[in-house]
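Participant: Here is how the chains run, residue by residue.
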Amino acid sequence: MTMKALTANRLDDGEAVFWMGGRWVDRFAEAQLWGDQDPDADAAEAHAKSELTQVVDAYLIDVIESEGGYAPLSYRERVRAMGPTNKLEHGKQAEGGASIEALVHAHGAARSTGRVNLIKRK
Amino acid sequence: MYRYDEIDRAILTDRVAEFREQATRRLAGLITEDQFKPIRLMNGLYLQLHAYMLRIAIPYGALTSAKLRKLAYIARTYDKGYGHFTTRTNLQLHWIKLRDAPDILEHLAEVELHSIQTSGNCIRNLTADPHAGATADEVDDPRVWAEAIRQWSTFHPEFSFLPRKFKIAVTAAATDRAAIKVYDIGLRLHRAEDGELGFEVLVGGGLGRTPYLGSTIRKHLPTRHLLSYLQAILRVYNRAGRRDNAWKARIKILVSSLGAEEFARQVEEEWEREPRDGVDLPDEELARIRAAFAPQGFETLPPVSAAFQSAKANDRAFARFARHNVKPHKVPGYAIVDVSLKAPGETPGDCSADQMDVVADLAERFSHDEVRVSYEQNLILPHVKLDDVPQVYAELEAAGLATPNIGLISDIIACPGLDYCALANARAIPIAQDIAKRFADPERAEVVGELKIKISGCINACGHHHVGHIGILGVDKKGEEFYQLTLGGSGAEDAEVGKMLGPALPADKVADAVEQLVEVYMRERAEGERFLDTFRRTGMSPFKEAVYADAR
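Listed in order, the protein sequences are those of chains A and B. Here the first sequence stands for residues 0 to 121, where the numbers follow numbering that gives the first Met the number 0. Here the second sequence stands for residues 0 to 551, where the numbers follow numbering that gives the first Met the number 0.
Any given hint could turn out to be false.
Okay, derived cross-link-like pairs now, DSSO-like style, lysine-lysine, Cα gap no bigger than 30 Å in a straight line [what the hints assert, rightly or not]:
1. Lys-91(A) <-> Lys-79(B)
2. Lys-36(B) <-> Lys-48(A)
3. Lys-86(A) <-> Lys-79(B)
Hints in this document: simulated from the structure, not taken from any laboratory.
Required output: the full structure, derived from the provided sequences and hints.
Facilitator: Given below as structure tokens:
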């Protein structure tokens, strides 16, 4: 079953972050997940877009189950949640652990971006 | 090397102070992201997948040891200890924090560097032949003209909101090391039959979604009219270039739709109409710039160095380095030394802060304090005495910078791709790493000979895939990475856009396919033929058959 999470980049350092019940967290494993049709997801996105000092470019992403955990559906979002694959010592993946493994091994019939309500920018 | 005057310095100091205030207001929430984004982009600060990315301009790819040391300091202090040299001869830092950006720009200004003209629809940072001032192949020093264009174009009020970004490349040599045919404007300095120095002016080249090679719109433009002629080209483009569709806004689309002849006619008309005085460079200013690049400090040396010859005879690894990474210099007894940023398994174009310090140190001791960046994502020490090459080699080797693979199959161009870039559809770096590891044996790479592989992670083509002998373009098929191969491209003086090999391949089949292509080449090649020559002779068939044989 597809779920949703809310992601953005933190304003002051650009770090990829995820919404968890009223605050932004660094780890995807801690992200709040909503059911596919849950209106609270849209409400959280609207709230994130309206505030000025915490994050940039907030958007909802599709999430799937992977190895008993969850992972973003699209490869792009998995890279954001892990770090660059050419330098495994950089980014969130440096921490390791089961939740990172779930991201590494996630395979989805992914949509092209996994980004909901995407307006493609030039 | 050109040094800033008071005007250059004042511009930069003001700009840093202005950006510091803007960033502070953004962090405090006094301006919105929509308001701030164009401002940060005008200062080279992009937001990517994991962090902000700062693109630092390296005008015409020229660095001094002080500049390179400063880049090392910034990479170490504000990033994760490395930087990525790009096909535009810029340096990208991929882990930058917005709150640090004003301090970084201040550090850069101390050594006459900045991030201006690295984003937005303006005239971007210039590219020039990285062998400028060192190669015997040139009729003049292209840096003189590149610097003149830099001064003219920076913050040019009329050309700050063009339909789209605008890139200019300059060379003065017959061998094209600046890819001038794939630039919005390519300038090739040459001498007319009467000896007069002038530019061949090419317009409308470009890669991206619709690749074109530039068309020559003027065979000989006397050098004194360079700036007025550029102004005429930019005015025609600014007036007639499309602004309704970003994909059709580059000058290449305008030149293609009008036809090069009609475009040239409009440029000439514009150029004839406007007074040139006040636009063209005054002689005294040209002399001031030229003096900054005057050759100095070269010793009178015999053309053959006993130390260099004996090192070649006694050390096979050094001999291989000398064959591929050491190029002839215009001054007897000197050489141009290529510093490879393509050690197999490493990220193409990446350079650690420690490695930057090593190269800066070598430049100071052995290369007249100069370092160049090539669009093929390597560094160059342009003025090394042949006597010193063995010592330079030894120190590069110790720093992991002496891979003897310049122009060979493992000297791969790759953009940052989906590992970093917000625009990418697929990764480029791991594909480059896979291929380079297959050909890591230097003897094998040498037997294969010149073969330029260029990889882009999306259609914007920062990795120049269209002009790779083997080009590789990452595409996204339902969320999975696939790669389209093209063959027969070239970004050099024999420029050509590559042709599609066949259906896209999954990521784990790309290196296999490259091996198969190389096998076909080795089987088919005639004496003295490069991969590109063989492909041009045989056409696509044997290559296509080999890669898709299993699929039939």
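Participant: Now look at each hint and say whether the structure bears it out.
Facilitator: For each hint, the structure was consulted:
1. Lys-91(A) <-> Lys-79(B): holds (14 Å)
2. Lys-36(B) <-> Lys-48(A): holds (15 Å)
3. Lys-86(A) <-> Lys-79(B): Holds, at roughly 11 Å.
Consistency with the previously given hints is maintained throughout, with no hint failing.
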